[in-house]
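Chains A and B, in that order, are what the protein sequence lines are. The first sequence: position 144 = 144 (the numbering used here), numbered continuously. The second sequence: position 73 = 826 (the numbering used here), numbered continuously.
Keep in mind that the hints were calculated from the coordinates and are not lab data. Where is the CB? At the ideal position from N, CA and C, for every residue including glycine. Heads up, some of the hints might be wrong.
[As the list claims (entries may be wrong)] Simulated pairs of lysine-lysine, DSS-like, Cα-Cα distance not exceeding 27 Å: (1) K951/B - K966/B; (2) K603/A - K925/B; (3) K106/A - K123/A; (4) K711/A - K113/A; (5) K123/A - K113/A; (6) K551/A - K622/A; (7) K630/A - K737/A; (8) K711/A - K123/A; (9) K106/A - K630/A; (10) K622/A - K123/A; (11) K1008/B - K960/B; (12) K960/B - K425/A; (13) K603/A - K630/A; (14) K1008/B - K463/A; (15) K951/B - K425/A; (16) K626/A - K737/A; (17) K1008/B - K626/A; (18) K463/A - K951/B.
[To be verified] Per label pair, the in silico range of CB-to-CB distance: (19) A111/A - D842/B: 55 to 61 Å; (20) D520/A - R831/B: 36 to 42 Å; (21) L649/A - E906/B: 35 to 41 Å; (22) K622/A - R986/B: 39 to 45 Å.
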Amino acid sequence: MEDMKESHGSGEEGGSGHGSGNNGLGGGLRGGSNGGGGPGGVGPGGNLHYTIPGILHFLQHEWSRFEMDRSQWDVEKAELQARIAFLQGERKGQENLKNDLVRRIKMLEYALKQERAKYAKLKYGSEGVAHLDDGSKALGDDEELPPVDGDNYIAVSNVNWRQGRQLLRQYLQEIGYTDTIIDVRSNRVRSLLGLNDANNVNEENRANLALNGGESHRTRPDGTGAHHPAHSVRKGVTTLAEEMMLDTEASVLANFDFLSSEAEVDDDDEMNDDIDDGYNPQEMKLKASKLAQAVTEAEDKETEDVMNEFNFLTNTDNVDSIKSAGGGGGGGGGGGQAGGPSSKDVPKGLSGVGFQQTGNGAKTNQLLGGEKQQQQQQQQQQREVELGNNLELGELEQLTIANDNESSYDISAPKEAYRKTWSAKYTLRSHFDGVRALGFHPLEPVLITASEDQTLKLWNLQKTIPAKKSASLDVEPVYTFRAHQGPVLSLAISPAGDYIFSGGLDTTIRCWQMPSPNVDPYDSYDPSTLFTTLTGHEDAVWGLSYHLGRKQLLSCSADGTVKLWSPTAPSASNLVRTFGNATEDGGGATPTSVDWVQDDPTKIVTAYSNGSCVIHDIESGKLVIKLDTKSDSTSAVGSINKVVSHPILPVTITAHEDRHIRFFDNHTGQMTHSMVAHLDAVTSLSLDTNGLYLISGSHDCSVRLWNLESKSCVQEITAHRKKFDESIFDVAFHPSKPFIASAGADALAKVFV
Amino acid sequence: MVTSMTTTTTSSSTTTSSAGVSTANANLTPMDNASAASAAAATGLSTTGSGPSLAPMEPVSAPALHPLRRNCAGTPARDFCAWPLESFDEMDSTLAVQQMIQQSIRAHVEDVEGILRAPDTQDEGVWKYEHLRQFCMELNGLAVLLQSECVPETCTQMTATEQWIFLCAAHKTPKECPAIDYTRHTLDGAACLLNSNKYFPSRVSIKESSVAKLGSVCRRVYRIFSHAYFHHRQIFDDFEAQTCLCRRFTVFVTKYNLMSRDNLIVPMLEQDLEAGESEA
């Protein structure tokens, strides 16, 4: 047995001698021979007959066996190294992908934040206004920042991308695995994007296992024979580790994160340099990586918190806390390290000092790290230049394109966020005379206009013709409604989008079925589009309002009455009820506008030409309350042109001929607010679905957007020209899309976005 | 080892990702502030901008000087547009021509010559254009009447006399539309053409090349008159009695030479026309 041992040992010596060119080979071989029980099994059999040729034969046999084993190990090692490089390349790619996705998340968060800010502004508009005074001085400086930052942002991300791609290319070249990697990578991309490929994942796991198996083989000799110099082994490991370090460094560098460099790279470097002899660097590395893991976990949690809060401003605090967490982790790791190697012949103090150095000298390390990063960056840039675009990597080229798209997205995103003002987008020209009323389809980007040229037209805002040399788009109507024999004055659209009601100077109310927005404008005439005509009024119909739940239509006419209709009922029972003129003092007044009280569908609010405004109960037909329109200090309250009910609050808003907009409490009838809103008569009002904004149109040619919270004008748009003394007849908010529209006496309708 | 290895990999990737987050944040934060601030500035500016414009509110002096020509909500049909006439020179609107034409039609619908008499300084292209707009608009009234009687079953083709079948030009390839569809399509097509931003971007001045388009519009819409006259005489007569539209149209196209005499096939107007000419 002792002989055997010796020969065994000599064989190994020879083996290591042969393999001296290959670092780490001896370690692998030795590990394998120690691990395998082969020699032990052969030994007892050979003891029985000792003959020189037999021994020689045995030795030769053993020699060749070891040689074969060795070559096998060689091959295996090469494979594993290739595998490592492959996986590292893959990891790199995934990191890039992840960074990219994180960036997208950030963009989305940013957009969401902007949306929230917008929402908050809508809700607490007064605060926003209050901030203005404080912030207005600093604005000059701040305003210049965003584009600069945007540029930086894009530049950084591009650098990341390019570096990542260069690294990837390098790896791919080195390995020669190009095609498979590209495949795997694209698969990976797909799986990450949700098209999960189970096989692919399994493969990856297997690869991980293989890698880890190899790793454990290597560590064993270190664990058992720590007193051996085992330089070759360590070198093998360090090359691996160095590769990893390079990798991490590169990623670190890509992200310019000094924290991780402090935790991983510099720690490792320091240890390699300072504690070189007699110390087991791999354990150190493992510890270090654990430490890094701990740090990153802490970091991860922090970032998760940040993500959850969507609070970008706390980020600086967060970085600080990460710093301290990193420091703490370093300390802990140092403690663990000091305990670990104590059984070996390693001076405790040294390792302790080393760790303390790294722990305390975090800042110097930062600086060092920074320098290293710069060097690395330079190197990589050189590489970039060298490599150029010689490599033909189809998939990667595509990545570049995707990246370009993204940068354009980056640019456009802030613009979206800035957009607080409405601007004219569509000009709807096809009417021959003033557009009296308009309304949006509840869901589609579809508008219906009613004009004094006796027609109504339906416009599909998605069917546009690009207009020459102007930002606004022209739209042509897709359907023309003809039935009124005279100007069309009023319009109501069912909130379900199925019916359109129009009232005309010819005293009729026409009920139309909503045509498809994609109908051919020159299709043949279908008389059934007009499904019924409500006759009963004796004069012009000036106001309409439809209630979806009740399926009932309100109309008010210059004949002094307000009528309630069930337009979808059999024609005999269309007319449900007629309300006479209920104002005690206003015998001669005519109703001008009518609306449902939104928070109580049994009540309606009617405005009169003498300035009165009353709320009726439609069941009993009785007057519920008379809004106190006469309380305004200004001498005579002008005729009311339009009345609207707030969608949520018990508030009624009236537009007056005397340039005022007035607000009333539906319960008390008290006027809550009165304001001079325009330079001329206010003709029209429209509230957005949430009741946060009000738009008003006036014969002064302007549309104004009001913040209802602060009752302040947010925007003024000059929209239409005058014809005689009329300008804007109607305005409307789209119920579900960011559109507003105005209708003018100049025969145009305009849509703003 | 296995677990530690894998976690190391993932943790290092999370390191980079979290680093990515922080860099992204760092980049976004100032932008975010600035955008909010600038947005606030925008609203602030518009608020303050609108404030002063409201503040020096002039007393309502305008109505005192001249009566408001305005149809307020609730105006009875008989009072609709029933405001005192305004002289063309006093009209300062860009739509003065249309105002003038509509005003004179409302005043004396039967005074065809008077309606068509252009003010001295008026550009003839715009005058013709605005008149044609008015014709097309009023033809909507005739189309509404025709819709009740002119059905595809009885009028399968657009015809006047037996001489011609008119093909509808609204389609990519001219089509033999039923008369009512022809009527609607022609009016819709005319509305689109006369409101086209390409040919008629302005209602104040019109290119000579665009004025040339008016002739074809006239020819097409005249067929609506002729069809009504030959196939729906009752409707035509009622409508004509109310509006004198066909007479005005005939005088119009003759005066401005927009259609050849041969095409004016509604005969009853010939004598009137000749009488008018001999008088003049």
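Here is what the structure says about each hint:
{"no.": "1", "hint": "K951/B - K966/B", "result": "holds (12 Å)"}
{"no.": "2", "hint": "K603/A - K925/B", "result": "violated (52 Å)"}
{"no.": "3", "hint": "K106/A - K123/A", "result": "holds (25 Å)"}
{"no.": "4", "hint": "K711/A - K113/A", "result": "holds (25 Å)"}
{"no.": "5", "hint": "K123/A - K113/A", "result": "holds (15 Å)"}
{"no.": "6", "hint": "K551/A - K622/A", "result": "holds (21 Å)"}
{"no.": "7", "hint": "K630/A - K737/A", "result": "violated (37 Å)"}
{"no.": "8", "hint": "K711/A - K123/A", "result": "holds (12 Å)"}
{"no.": "9", "hint": "K106/A - K630/A", "result": "violated (55 Å)"}
{"no.": "10", "hint": "K622/A - K123/A", "result": "violated (36 Å)"}
{"no.": "11", "hint": "K1008/B - K960/B", "result": "holds (20 Å)"}
{"no.": "12", "hint": "K960/B - K425/A", "result": "holds (26 Å)"}
{"no.": "13", "hint": "K603/A - K630/A", "result": "holds (22 Å)"}
{"no.": "14", "hint": "K1008/B - K463/A", "result": "violated (39 Å)"}
{"no.": "15", "hint": "K951/B - K425/A", "result": "holds (17 Å)"}
{"no.": "16", "hint": "K626/A - K737/A", "result": "violated (35 Å)"}
{"no.": "17", "hint": "K1008/B - K626/A", "result": "violated (59 Å)"}
{"no.": "18", "hint": "K463/A - K951/B", "result": "holds (17 Å)"}
{"no.": "19", "hint": "A111/A - D842/B: 55 to 61 Å", "result": "holds (56 Å)"}
{"no.": "20", "hint": "D520/A - R831/B: 36 to 42 Å", "result": "holds (40 Å)"}
{"no.": "21", "hint": "L649/A - E906/B: 35 to 41 Å", "result": "violated (55 Å)"}
{"no.": "22", "hint": "K622/A - R986/B: 39 to 45 Å", "result": "violated (53 Å)"}
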